[in-house]
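Trainee: Sequence:
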Amino acid sequence: MSTAQTVLALLQGCNTLRRLKAIHARVFVHGLQSDPSISAKLLHFCAVSVSGCLAYARTLFDRIECPQTHDWSSIIRGFAVGASPREALLYYNGMLGSSFSFADSHSFSFALKACERVGDEQKCREIHGTVIRSGYEMDVVVCTNLMRCYVGNGLVEVAQKVFEGMSVRDLVSWNSMISCYSRAGLHHEALGLYRRMRKENVGVDGFTLVGLLSCCVHVGALNMGVELHRRASREGFLGNIYVANALIDLYGKCGDLAEALFVFNGMPKRDVFTWNSMITAYGVNGCADEAVLLFRQMLREGVQPSSITFLGLLLGCSHRGLLDKGVEFFHMMSSKFNLRPEIKHYGCMVDLYGRAGKLEKALEIIGTSPFLVDPVIWRTLLGSCKIHQNVRIGEIAIKNLVQLGACNAGDCILLATIYAECNDKQGVARMRRLIKSQGIRTTPGWSWIEIGNQVHRFFVDDQSHPDRDEIYRKLEEVIYRASLAGYVDSKFQLIMPDLTCEGHLESSSKYHSEKLAITFGLAGTPDGTNIRIVKNLRICRDCHSFAKFVSQAFSREIIVRDRVRFHHFKGGVCSCKEYW
DNA sequence: GGTTTTAACT
Numbered sequence: 001m002s003t004a005q006t007v008l009a010l011l012q013g014c015n016t017l018r019r020l021k022a023i024h025a026r027v028f029v030h031g032l033q034s035d036p037s038i039s040a041k042l043l044h045f046c047a048v049s050v051s052g053c054l055a056y057a058r059t060l061f062d063r064i065e066c067p068q069t070h071d072w073s074s075i076i077r078g079f080a081v082g083a084s085p086r087e088a089l090l091y092y093n094g095m096l097g098s099s100f101s102f103a104d105s106h107s108f109s110f111a112l113k114a115c116e117r118v119g120d121e122q123k124c125r126e127i128h129g130t131v132i133r134s135g136y137e138m139d140v141v142v143c144t145n146l147m148r149c150y151v152g153n154g155l156v157e158v159a160q161k162v163f164e165g166m167s168v169r170d171l172v173s174w175n176s177m178i179s180c181y182s183r184a185g186l187h188h189e190a191l192g193l194y195r196r197m198r199k200e201n202v203g204v205d206g207f208t209l210v211g212l213l214s215c216c217v218h219v220g221a222l223n224m225g226v227e228l229h230r231r232a233s234r235e236g237f238l239g240n241i242y243v244a245n246a247l248i249d250l251y252g253k254c255g256d257l258a259e260a261l262f263v264f265n266g267m268p269k270r271d272v273f274t275w276n277s278m279i280t281a282y283g284v285n286g287c288a289d290e291a292v293l294l295f296r297q298m299l300r301e302g303v304q305p306s307s308i309t310f311l312g313l314l315l316g317c318s319h320r321g322l323l324d325k326g327v328e329f330f331h332m333m334s335s336k337f338n339l340r341p342e343i344k345h346y347g348c349m350v351d352l353y354g355r356a357g358k359l360e361k362a363l364e365i366i367g368t369s370p371f372l373v374d375p376v377i378w379r380t381l382l383g384s385c386k387i388h389q390n391v392r393i394g395e396i397a398i399k400n401l402v403q404l405g406a407c408n409a410g411d412c413i414l415l416a417t418i419y420a421e422c423n424d425k426q427g428v429a430r431m432r433r434l435i436k437s438q439g440i441r442t443t444p445g446w447s448w449i450e451i452g453n454q455v456h457r458f459f460v461d462d463q464s465h466p467d468r469d470e471i472y473r474k475l476e477e478v479i480y481r482a483s484l485a486g487y488v489d490s491k492f493q494l495i496m497p498d499l500t501c502e503g504h505l506e507s508s509s510k511y512h513s514e515k516l517a518i519t520f521g522l523a524g525t526p527d528g529t530n531i532r533i534v535k536n537l538r539i540c541r542d543c544h545s546f547a548k549f550v551s552q553a554f555s556r557e558i559i560v561r562d563r564v565r566f567h568h569f570k571g572g573v574c575s576c577k578e579y580w
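Residue 1 is where the first sequence starts when you use full-length UniProt numbering, and the numbers rise one by one after that.
Rather than coming from a laboratory, the hints here were simulated on the basis of the structure.
Remember, predicted model here, so these are calculated numbers, not experimental data.
Any given hint might turn out to be false.
Unchecked claim - Lysine to aspartate or glutamate pairs mimicking EDC-like chemistry, simulated, CA-CA at most 16 Å apart: (1) K510 <-> E476; (2) K474 <-> D461; (3) K325 <-> D374; (4) K358 <-> D324; (5) K161 <-> D139; (6) K510 <-> D489; (7) K474 <-> D462; (8) K399 <-> D374.
Said to hold, decoys possible - Cβ pair distances, simulated, as ranges: (9) D62 <-> T130: 20 to 26 Å; (10) Q122 <-> E557: 52 to 58 Å; (11) F371 <-> K510: 38 to 44 Å; (12) G119 <-> S464: 34 to 40 Å; (13) K570 <-> H465: 24 to 30 Å; (14) S437 <-> T130: 46 to 52 Å; (15) L10 <-> F371: 47 to 53 Å; (16) G321 <-> L484: 32 to 38 Å; (17) F337 <-> H188: 36 to 42 Å; (18) S575 <-> A485: 14 to 20 Å; (19) N240 <-> S99: 46 to 52 Å.
For each residue, glycine too, the CB sits at the ideal point set by N, CA and C.
Please take these sequences and the hints and turn them into a complete structure.
Mentor: Put into structure tokens, the structure is as follows:
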């Protein structure tokens, strides 16, 4: 065996930087430093391996007289995934200017990865141009990276164009497009892609299932999730821990705790995601006691909790009103587990104290937060002020929201409602003026309902559904039957009929989206079927009351997942016990 | 020598 071959063999088995340096010394002793295959191997190890060293890689690279394409790729890759992706782009530019080498699919892919991390939209387009000029436009891996890079820069439409333009797509490209839609918040589009995959007979793997399940969670598409669960089971993916974790999350966030627990119990191996998903599932469904029991079991089994574990626990405590327990967990984080509470944990504490009526204490928590205060935390406080009709602290909250430039119509409406409930007409008028003067935009409210595998979305007073005439006729009937059961139409009841949960101020809206969705569900599913609604905002008093009486009048269980929690309506009562 | 996956305060 020649010395060069011996060195290459040594490199093959090398797994530490110390060993590598020893090999490097040997390379010098034998005068092999200019052997291109050896320097390439050395460089690749230093730039890419976890036990490598980027600074050392840079030294090695600088010593290569005529770097070849794979040398450039290694150094670009190292920096692209490391601490300074900007530097990767500098090397990419260097490669383009070099006369010894040319860019190939690998170097393009790594440069795009760097570009995605840097967040340079212009550079992304520029690389795209070079890709086309270099004839790599049809390369599957390059296109996949282009898609990711565009989405990372907020250009999902361009990513979609790249995807549609591909002449050959492999499963990774499909999975990546699903992930791109998901990152852009276009969950419905991602689920639409799955329909296309079925039509075009593209199979699925664990990546596909996890991506799709996550989309189902976001839009509350339980039926679709159940179908994916069946498919996962049929095709042997239930042993995939990612898939099983995503299923627990799906069932938890769709209000089916029994099924979540069934998946959890069936897992031979669990990681911290598994425990966190199940604890959070209990938390969001208002089962704090179960969440705490599970947490204890987690510790008994020797799993180290993460900060997310505590978020699930705190969430559970605040929705159940377990003030002392929540405070205990908050302190336990740092004292027992060396975890620093993050801004979201402070948010939970504000919620916890606020809901319990301790608004001064909630305000104090905001003051002690070492983080830059965000709008969400003030909005949380404002929500508590609404529950406890506290004008003074409500005004502090809105002032801070205005200062942060984050005050939205929903916030103004919340405070206006507090004023109205305290019969402060001037206060209500001030809020109206604030909305007008600041040109504050309202968030349109919408509700989803899934019938079969189709998700139907309704806006307030929606006119876009093809069956709208029939839906509105049915709605009149539903309101009539609900009122026989005791429902009082809000039009005669509210102090401010135009200040409502869906944020419509100017034109007094008649039918909130959940009323339309519930009606559509009653008409479109067999008697006795549960009706599941997902809503982007909080449910308002009127719709809450409506849902209660409908559940009684039609003997249906109605499950509404609003922006923050579940309401299970059954026989005229709601699981939230009027506390939300 | 490369590409795709999960949970998180209102």
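Trainee: If a hint holds in the structure, say so; if it doesn't, say that too.
Mentor: Going through the hints against the structure:
no. : hint                      : in the structure
1   : K510 <-> E476             : holds, 12 Å
2   : K474 <-> D461             : holds, 14 Å
3   : K325 <-> D374             : violated, 25 Å
4   : K358 <-> D324             : holds, 12 Å
5   : K161 <-> D139             : holds, 15 Å
6   : K510 <-> D489             : holds, 11 Å
7   : K474 <-> D462             : holds, 14 Å
8   : K399 <-> D374             : holds, 13 Å
9   : D62 <-> T130: 20 to 26 Å  : holds, 24 Å
10  : Q122 <-> E557: 52 to 58 Å : holds, 53 Å
11  : F371 <-> K510: 38 to 44 Å : holds, 42 Å
12  : G119 <-> S464: 34 to 40 Å : holds, 36 Å
13  : K570 <-> H465: 24 to 30 Å : holds, 27 Å
14  : S437 <-> T130: 46 to 52 Å : holds, 50 Å
15  : L10 <-> F371: 47 to 53 Å  : holds, 50 Å
16  : G321 <-> L484: 32 to 38 Å : holds, 34 Å
17  : F337 <-> H188: 36 to 42 Å : holds, 39 Å
18  : S575 <-> A485: 14 to 20 Å : holds, 19 Å
19  : N240 <-> S99: 46 to 52 Å  : holds, 48 Å
Of the numbered hints stated above, the single one contradicted by the structure is hint 3.
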